[in-house]
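Chain order of the listed sequences is A and B. Numbering-wise, my numbering puts 78 at position 78 of the first sequence, and it's gapless, one number per residue. Numbering-wise, my numbering puts 99 at position 99 of the second sequence, and it's gapless, one number per residue.
Hints in this document: simulated from the structure, not taken from any laboratory. Worth double-checking, as some hints may not be accurate.
[To be verified] SDA-like cross-link-like pairs, simulated, lysine to any residue; straight-line CA separation at most 25 Å:
id	chain 1	residue 1	chain 2	residue 2
1	B	100	A	78
2	B	100	B	114
3	B	100	A	59
4	B	33	A	78
5	B	33	B	133
6	B	33	B	122
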Amino acid sequence: MSASSIEVDIPCDPQQMGEFAMPFALLSEARDPSRIAVGAIVITADDEEPVFARVHAITSQGDGPSVVHLDLLPGDPLDYADALRRSHLLPA
Amino acid sequence: MSHGQPIEPLIRAEEPPSDAVVVIRGGPITVAKIVEHAARQQAVFTYRGEPMVAISVDLTIEGWSLERILGERMWSRSRYSITTAGALRSAGYELVPTSKAPHYSVVLPEASARSAVDLLAHFGPTLVNEFRQRRR
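Just chain B, with the same shape it has in the complex (with noise of 0.2 Å):
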C-alpha cells in the first residue's frame, strides 16, 4: 500500500466520454512539463492504492465546449493540443474523472520521458489559444 492521498473520493461518477470527445491539454506541450506533472500527482495522490501517475486533461463533455474550455480553464495558456477520448482509450489509456468537471486524468505508466512522449505521440499539433488571457 502507498503512502498518499486516494484520488478515489474526487472521482465522479459520470458515464465514460464517448470516443468523439475532445480532450484538451493545455501548453506548454512539451516532455519536460508532462513528467514534472505526472510526478506531482503521483507524489500526491494514489489510485487502487498505488501511486497516480496520470496528467489533467479537460473533455468536451455536457456544457463545456472547446471554446468555454480555452475561455475559462485555459486562460493562462497560449498554447494546447487535442486529441479524442477514443485514440486515447485505443492506445490503452485510462481517463478518471477526477475532482471538478471538465476534468480528467490520463493515466501514465510512469513519470518518464518516455511515458511522455508515447502520450504526446496521440495528440495533435500545438495550437494558437485564441481565448487567452496573456498579452504573448
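Chain A extracted, bound-state conformation (with noise of 0.2 Å):
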C-alpha cells in the first residue's frame, strides 16, 4: 500500500486542536462531503500516516466554512483490518 494510493476521506493536522480540543477539519476538503456526518467512521489525517477517526460534530459560524470536528480513534488502521479478518468480518 503506497502512499500514492491512499486517499483520505478528510484530511487534517492530527495535531492542530480546535473548541472541542480535538482535530478539524473542512467539510470542503472532503473526497466526499456526503459521507461526513456526525458519528461517521471516517479517515483522515493524511496520504502518509492516515488515522481513523469519529465525526464528533460538524459547525458553523456566520458565513465562515462548515468545520469537521474528529475525535481520532487509536492505534494503525491496518490493525483495525487485521482484526476485522480474525473475526471474518471482512475475508481474509
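Two chains, two separate frames, one set of hints: put the complex together.
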C-alpha cells in the first residue's frame, strides 16, 4: 500500500486543536462530503499516515466554512483491518 | 473585521513558556503540510480580528515531557522535529497557548511556501517517533 494510492476521506492535521480540543477539518475538503456526518467513521490525517476518526460534530459560524471536528481513534488502521479479518467480518 | 471564529476564547491564561521549553511539530515535516495546515487555521479562526494564520505545535510545559507528548499527542506520527520557544521568539514568532495544553499555535505572516520555509529553518532535523502507534 503506497502513500500515492491512499485517499483519505477528509484531510486534517492530527496535531491541530480547535474548539472541542480535537483536530478539525473543512467539510469542503472532504473527498465525498455526503459521507461526512456526525458519528461517521472516516479516514483522516494524510495519505502518508492515515488514521481512523469518528466525526464528533460539524459546526459553522456565520458565513464561515463548515468545520468537521474529529475524534481520533487510536492505533494503526491496519490493526483494525487485521482484527476484522480475524473475526471474519472481512474476508481474509 | 474578518469572518471566522475568534480564537480568543480558546486562549489559555498561563505564563509564557521559558526559552528552554521544547517545541514539537509532528510530521510530515514539509513545506506543503505547513502551508495546508496554516491555511486551514486561517479559514476557521481569527486572532485579534484578523484571519489567524498559524500551525499547531506542542510544548514541553509543566506535566508534559517530550516522551509523553510523543506517546499521547503524536502517536499517529512517525516523525517529528523540535526547536525551542526561545528560538522561535527570537525569530519574531508568537506562540499562543490555544485549546488544551500542551497545544500552542505558532502565528505565521501568511500561509505561503516562503513562510513555511522560514519557519522550518528554525527546527532541527526530522526525528523518528519511537512512541508511535504505527507499523511503518
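Going through the hints against the structure:
no.	hint	result
1	100/B with 78/A	violated (29 Å)
2	100/B with 114/B	violated (29 Å)
3	100/B with 59/A	holds (19 Å)
4	33/B with 78/A	holds (23 Å)
5	33/B with 133/B	holds (21 Å)
6	33/B with 122/B	holds (16 Å)
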